[in-house]
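**Student:** Using the hints provided, position chain B relative to the given structure of chain Z.
Single-letter residue listing:
There are 2 protein chains.
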Amino acid sequence: MKHNFGAGPCILPQEVFQEASQAVLNFNGIGLSILEISHRSKEFEAVIAETERLVRELLAVPQGHSILFLQGGASTQFAMVPLNLLPEGGKAAYLDTGTWANKAIKEAKKVGETVVVASSADANYSYIPSAYEIPADAAYFHYTSNNTIFGTEIFDTPKSTIPLVSDMSSDILSRKINVSDYGLIYAGAQKNMGPAGVTLVIVKDELLGKTGRTLPTIFDYQSHIAAGSMYNTPPVFSIYVSMLNLRWLKSKGGVEVIEQENIIKARTLYEEIDRNPLFKGTAAPADRSRMNVTFVTEDKAHEAAFLELAKERGLIGLKGHRSVGGFRASIYNALSITGVNALVDAMQEFEEKNK
Amino acid sequence: MKHNFGAGPCILPQEVFQEASQAVLNFNGIGLSILEISHRSKEFEAVIAETERLVRELLAVPQGHSILFLQGGASTQFAMVPLNLLPEGGKAAYLDTGTWANKAIKEAKKVGETVVVASSADANYSYIPSAYEIPADAAYFHYTSNNTIFGTEIFDTPKSTIPLVSDMSSDILSRKINVSDYGLIYAGAQKNMGPAGVTLVIVKDELLGKTGRTLPTIFDYQSHIAAGSMYNTPPVFSIYVSMLNLRWLKSKGGVEVIEQENIIKARTLYEEIDRNPLFKGTAAPADRSRMNVTFVTEDKAHEAAFLELAKERGLIGLKGHRSVGGFRASIYNALSITGVNALVDAMQEFEEKNK
Numbered sequence: 007m008k009h010n011f012g013a014g015p016c017i018l019p020q021e022v023f024q025e026a027s028q029a030v031l032n033f034n035g036i037g038l039s040i041l042e043i044s045h046r047s048k049e050f051e052a053v054i055a056e057t058e059r060l061v062r063e064l065l066a067v068p069q070g071h072s073i074l075f076l077q078g079g080a081s082t083q084f085a086m087v088p089l090n091l092l093p094e095g096g097k098a099a100y101l102d103t104g105t106w107a108n109k110a111i112k113e114a115k116k117v118g119e120t121v122v123v124a125s126s127a128d129a130n131y132s133y134i135p136s137a138y139e140i141p142a143d144a145a146y147f148h149y150t151s152n153n154t155i156f157g158t159e160i161f162d163t164p165k166s167t168i169p170l171v172s173d174m175s176s177d178i179l180s181r182k183i184n185v186s187d188y189g190l191i192y193a194g195a196q197k198n199m200g201p202a203g204v205t206l207v208i209v210k211d212e213l214l215g216k217t218g219r220t221l222p223t224i225f226d227y228q229s230h231i232a233a234g235s236m237y238n239t240p241p242v243f244s245i246y247v248s249m250l251n252l253r254w255l256k257s258k259g260g261v262e263v264i265e266q267e268n269i270i271k272a273r274t275l276y277e278e279i280d281r282n283p284l285f286k287g288t289a290a291p292a293d294r295s296r297m298n299v300t301f302v303t304e305d306k307a308h309e310a311a312f313l314e315l316a317k318e319r320g321l322i323g324l325k326g327h328r329s330v331g332g333f334r335a336s337i338y339n340a341l342s343i344t345g346v347n348a349l350v351d352a353m354q355e356f357e358e359k360n361k
Numbered sequence: 007m008k009h010n011f012g013a014g015p016c017i018l019p020q021e022v023f024q025e026a027s028q029a030v031l032n033f034n035g036i037g038l039s040i041l042e043i044s045h046r047s048k049e050f051e052a053v054i055a056e057t058e059r060l061v062r063e064l065l066a067v068p069q070g071h072s073i074l075f076l077q078g079g080a081s082t083q084f085a086m087v088p089l090n091l092l093p094e095g096g097k098a099a100y101l102d103t104g105t106w107a108n109k110a111i112k113e114a115k116k117v118g119e120t121v122v123v124a125s126s127a128d129a130n131y132s133y134i135p136s137a138y139e140i141p142a143d144a145a146y147f148h149y150t151s152n153n154t155i156f157g158t159e160i161f162d163t164p165k166s167t168i169p170l171v172s173d174m175s176s177d178i179l180s181r182k183i184n185v186s187d188y189g190l191i192y193a194g195a196q197k198n199m200g201p202a203g204v205t206l207v208i209v210k211d212e213l214l215g216k217t218g219r220t221l222p223t224i225f226d227y228q229s230h231i232a233a234g235s236m237y238n239t240p241p242v243f244s245i246y247v248s249m250l251n252l253r254w255l256k257s258k259g260g261v262e263v264i265e266q267e268n269i270i271k272a273r274t275l276y277e278e279i280d281r282n283p284l285f286k287g288t289a290a291p292a293d294r295s296r297m298n299v300t301f302v303t304e305d306k307a308h309e310a311a312f313l314e315l316a317k318e319r320g321l322i323g324l325k326g327h328r329s330v331g332g333f334r335a336s337i338y339n340a341l342s343i344t345g346v347n348a349l350v351d352a353m354q355e356f357e358e359k360n361k
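Line by line, the protein sequences give chains Z and B.
Take the position in the first sequence, starting the count at 1, then add 6; the result is the number in the working numbering.
Take the position in the second sequence, starting the count at 1, then add 6; the result is the number in the working numbering.
What the hints contain is simulated information worked out from the structure, not anything from laboratory work.
Here the structure is a predicted model, which means the values were calculated and not measured.
Hints may be right or wrong, so weigh each one.
Which residues of chain Z face chain B? A few of them, derived with a C-beta cut under 7 angstroms, are [said to hold, decoys possible]:
| no. | residue |
| --- | --- |
| 1 | T82 |
| 2 | E113 |
| 3 | G234 |
| 4 | N238 |
Beta carbons: idealized from backbone N, C-alpha and C, even for Gly.
Just chain Z, with the same shape it has in the complex (with noise of 0.2 angstroms):
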């Protein structure tokens, strides 16, 4: 038994590989691959009508809010995100908390007036400011809820008067956001909604159309929302994946049961961190990701023989970030309290055999 503590691409439940498995060879039973179905099929149709139906219902995402699946990650979305909000001449606000933050905030800048409102750079992003103000003056809010690399994460809504925009690629589905307070949340799907290849978009549509920027048709949103995703022939079966994985989503109990599940995951990880003498986090306790958590050994020269131990016992993809060192356990929604304990189990026994 592995259990896959890798960042991602990462991790999906063994009922979604199995289906997938039977759906490359033999779709729905009609003797056909997933592969090489039409994406104007009746099949695929349903297909990504369902998968937009899970997305719209597990978080409860109101109408006038538009749902799509592209390609090209959170990287493109970085581009795409100030060249359909930030309009000619204006400005945007943006909260850098690490490596994904700054690339955002990178591609803003070529595209207009960028503000940032704080950083934690200056302790290597291993907590999350919180005495920053939001211009009112700007045309959006530019914030990163969960730092796959430093083990951090952003719980609370940020207050703001204008609109919301949030990557959240690796906390997406993980817990309870009110869709409603945000303009527009995107969010890679290799983590907890299916494998690479497709992007989540969750835009409010009232605010498109305004930057008087002339957009390649691919990059507008609206090109996207006029055609339900099939402007260019999707990922078809990235999206496919995400559906088996919204199904299982759904049979478990929605993302409310999950959240409940992946606190109690990241509490039994983060209390045998600041037990065992041995190891110690690296993010500031308020701010610990339930996603991503990031820690180190007391002493530099445990390192390789921990992940050795770790190898031995299963536990693989733990080597952490260069950018922090150590070790990162991504625990997402399919990493099961078993795997934990697993990880639990090995850093005791490595204590035992280190006294």
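**Tutor:** Here is chain B on its own, set in the frame of chain Z:
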């Protein structure tokens, strides 16, 4: 036994589906799904490296041309090509041979001056214009090598003193091309390369970085070249399945061998269309596509009945695009001569029935 004549996403070899299905459960025996491995893992690094090597070998891509695996399909390339190759104040030249060429032209016009050198719109794109001049002072000349909807194909590389750019989405890897004749080639994978979700770009490095235009990082070919197609999370599964399909093509003997098969398949089908008094082709004989064979019934009243007969015989995806009507038999690499013979048999059976 079904024969899938769909225009795309479309048929791939059965052995590719078998191996892909297995990899969704357990990739290369590592105990993990291909859907849950990191794109930074050594396993996926090997996949993308082999995919690139296979493209370079099968198409004899010369040094100085980079091979990229991107997202967003040809529709994204319609914008990226002028953004990257059309200098501020310069102009580009395009050949209008149908729907997709038109979409490319529309996006180029948003970027800069765009000259349409010729069009076959006057005859519903049933032929390829031959008498045109390519302006020597344009930055590049763009054409669509195969017109999926109208069933025409350009076999001879246009003579040009300026860089050639070609959308080869629907005939790449179906016949030999001389890549060094081109400045840039792009192709959505979902015909002869792999499943939907990945786009092949082959670009001559020395053409890049000369427009004087600031580009979003994600739309700049140079970002993707510098990162070996891993600037952002690539579409892991679509690239993996493309690798399997390229391996299959290599094992068959490569592009030269498949080209001979494709010639025989197309000839067999066109001969029946020309012989059978109930059917007629829609494209000018000299410009008939080897990939998408468009034809209609002489008597419009026969159309539905033939589609019904074809369906009974397991021949699917034959309904023509609404722009042309009638039928379209897409006979890509993976559609066997057996499939073509089954279609010819059905056409002869239909002739017997309607004597």
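**Student:** Which numbered hints are broken by the structure, listed smallest first?
**Tutor:** Hint 3 contradicted; others consistent.
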